Amino acid sequence: MSFVELSHVRKDFTGAIAVEDFNLNAEQGEFISFLGPSGCGKTTTLRMIAGFEQPSAGTITIAGQDMTYVQPNKRKVGMVFQSYALFPNMTAAENIGYGLKVTGKTGSEIKVRVAEMLALIHLEEQHSRYPYQLSGGQQQRVALARALAIHPKVLLLDEPLSALDAKIRVELREEIRRIQQTLGITTIYVTHDQEEALSLSDRVVVMSQGRIEQVGVPFEIYNFPASEFVASFVGQLNLIPVMVVNSAEKLVKLDGHIVQAGRISDKFSHDKPRLAVRPEELRPGHTPGQNNLCGKVESINYLGSIVRVHVELSGLVFSMDMFNETNLAIPKVGDSYNIHFPVDACWLI
Amino acid sequence: MKTKRFGVWAVFWAIGGMLYFFLPMYGTLDFSLRMKRGVLSLMSYQIVLSDPQFLASFRYSATMGIITVIISVLIFLPTTYWIHLKLPKVRPLVEIITILPFIIPTIVYVFGLIRTFGRPPLQLTLTPFKTDILITAGYIVLSMPYMYRAIDVGMRSIDVRSLTEAAQSLGANWLQILLNVIVPNLRIALLSGALICFATVIGELILGDFLVRPALGPYMVQVGRDKAYEPAALAILSYALTWACLGIMQFVSRGNASQQQLTGR
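Protein sequences, first through last, are from chains A and B.
To convert a position in the first sequence, counted from 1, into my numbering, add 5.
To convert a position in the second sequence, counted from 1, into my numbering, add 18.
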């Protein structure tokens, strides 16, 4: 039996379906991310696990117990909120110890546990500070420690890093992962940031419009997306309209060129066939044995470590990503440009 | 040149406003100090403050004020909290209800109380104790706009929902959430509401007069009918009490940086 089980969970809000037929099994110690755009139902699902929303249908089981209709304060589920939700009238130490205090732990037990948590998040010196005296990153760490202090069965995080700047976000997510692995706690993490989801998770649940699009390990989600939505939401993707020449051989026609696809997606559309290939799979030049195309440089974007070149072929535009190396030969806008990509790097959708 | 003219007019209106407000008050203060012919003295204040009737009526009104504040908080705090948390759509209706005491004249209200509770089966006017219950209920209704608004404004300044859910996720029940999380973050709002409520009860006249209770308002009217200098002294004391309440509110609200709510947004 899985540690956290959601079975046919549905949530309606006066006519609008927020979550539909949601099924998930999470094992003990697993880190699972719910990834999707705003309004896809990921936070609603998380809140149902926490007990703040009641499912319209289905069941939620945690550690073998049916929690579907159990009050949130009886579930022993630690939650970290997007807004931190630290109690302004309490110091960092008091915030962390609050869950232990309300459940009747003794003063000495609380003191020991709070000290452990402060050491875990490296904020021993800030124990007596109030939330308004802490930085955003420090507040989020206190919120995490507060959720962990009560020895929760499951840790839930609702976009905990979205309010922080990029550098702090990277530091903190690594710390979250480190803590989660140290404690071995089953964790469900909601985010709209694919980089967070892919770097933190054992498995990723990609959601759209209240439904699960795909569940899989990060490698699978990125390299073998099950649908166009997953393919275009997770990472960048070239989706080019093509004409099928031979479906058995996976041959298509693109701007007069014959292109060989590596596979055909399960959700392949015969009416609107398109070729999917990631920008980082494209390379400049011509290589025998691969798919070779020739176009014109339309525009170039410098993205820091990545240079994105847009190559136009009879109205169709390919995005190609290259590492911004010192000896990189960057073309000029308007140049005629050859690109190639391996057969198994592309698929029909 | 334009900036100078604007500054002159601002000073003119400021001085004019202050004179309009403070001159009558100065006149009252001066009059209250002239009970002894030819000298300024505090005789009228001494007479008022040593009058056993004044002390009794002040004690009565202060007690009623404290009881009114406590019951008002016990009613309006959980109500406003629940509205914020679970029933936000009901808020417009509740706001209309809470301004009814401004719309319905107190004289109409007290006559309604006497008609309803002056005879069986709900007769509450036969004994002083039962009449005190009736007058307390009346004070609660009269101070309802102030107490509700103070708490409502306080709740709007904190993220009630997130704080509640955070406390719930940690295992707290409703009472623990209210006492440990909500009330400490509403201290200033509660104090504001309590002080305005208290000041309203202290200065209230009609309920005390018609329900024949020894409140401070009817005492002040009676003194005003029979005496000259003592009513002026009472008026100044009443102003001083109100300003003391406002001063306490200002002092407490200034000193609490730790009450600031940060949401990370």
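Treat the hints as calculated values from the structure; they're not laboratory data.
Treat the hints loosely; a few may be bogus.
Just some of the chain B residues that point at chain A, by a computed CB distance under 7 Å [stated by the list, open to error]:
id	residue
1	T154
2	E183
3	A184
4	S187
5	G189
6	Q268
FRET-style restraints, in silico, Cβ to Cβ [unchecked claim]:
id	chain 1	residue 1	chain 2	residue 2	range
7	A	D170	B	P202	56 to 62 Å
8	B	P106	A	H156	32 to 38 Å
9	A	Q76	B	P96	17 to 23 Å
Only a predicted model underlies this, so the values are computations on that prediction, with no experimental measurement involved.
Virtual Cβ for every residue (Gly too), placed ideally from N, Cα, C.
Now for the hints, and whether the structure bears them out:
1. Interface restraint check: T154(B) against chain A, minimum CB-CB distance 31 Å, threshold 7 Å, status violated.
2. At its closest, the beta carbon of E183(B) sits 6 Å from a beta carbon of chain A; the interface hint therefore holds under the 7 Å criterion.
3. The restraint placing A184(B) at the interface with chain A holds, with a minimum CB-CB distance near 4 Å, inside the 7 Å limit.
4. Here the hint on S187(B) is kept, as its CB sits about 4 Å from the closest CB of chain A, short of 7 Å.
5. The beta carbon of G189(B) comes within 5 Å of a beta carbon in chain A, closer than 7 Å, and the hint placing it at the interface holds.
6. Taking 7 Å as the C-beta contact cut-off toward chain A, the hint placing Q268(B) at the interface is violated, the least distance being around 20 Å.
7. For the pair D170(A) and P202(B), the supplied restraint of 56 to 62 Å is violated, since their beta-carbon distance comes to about 31 Å.
8. Range check, P106(B) to H156(A): about 35 Å between beta-carbon atoms, so the 32 to 38 Å window is met.
9. Evaluation of the 17 to 23 Å hint for Q76(A) and P96(B) yields a pass: the beta carbon distance comes to about 18 Å.
In summary, the structure is inconsistent with hints 1, 6, 7 from the numbered list given earlier, while agreeing with the others.
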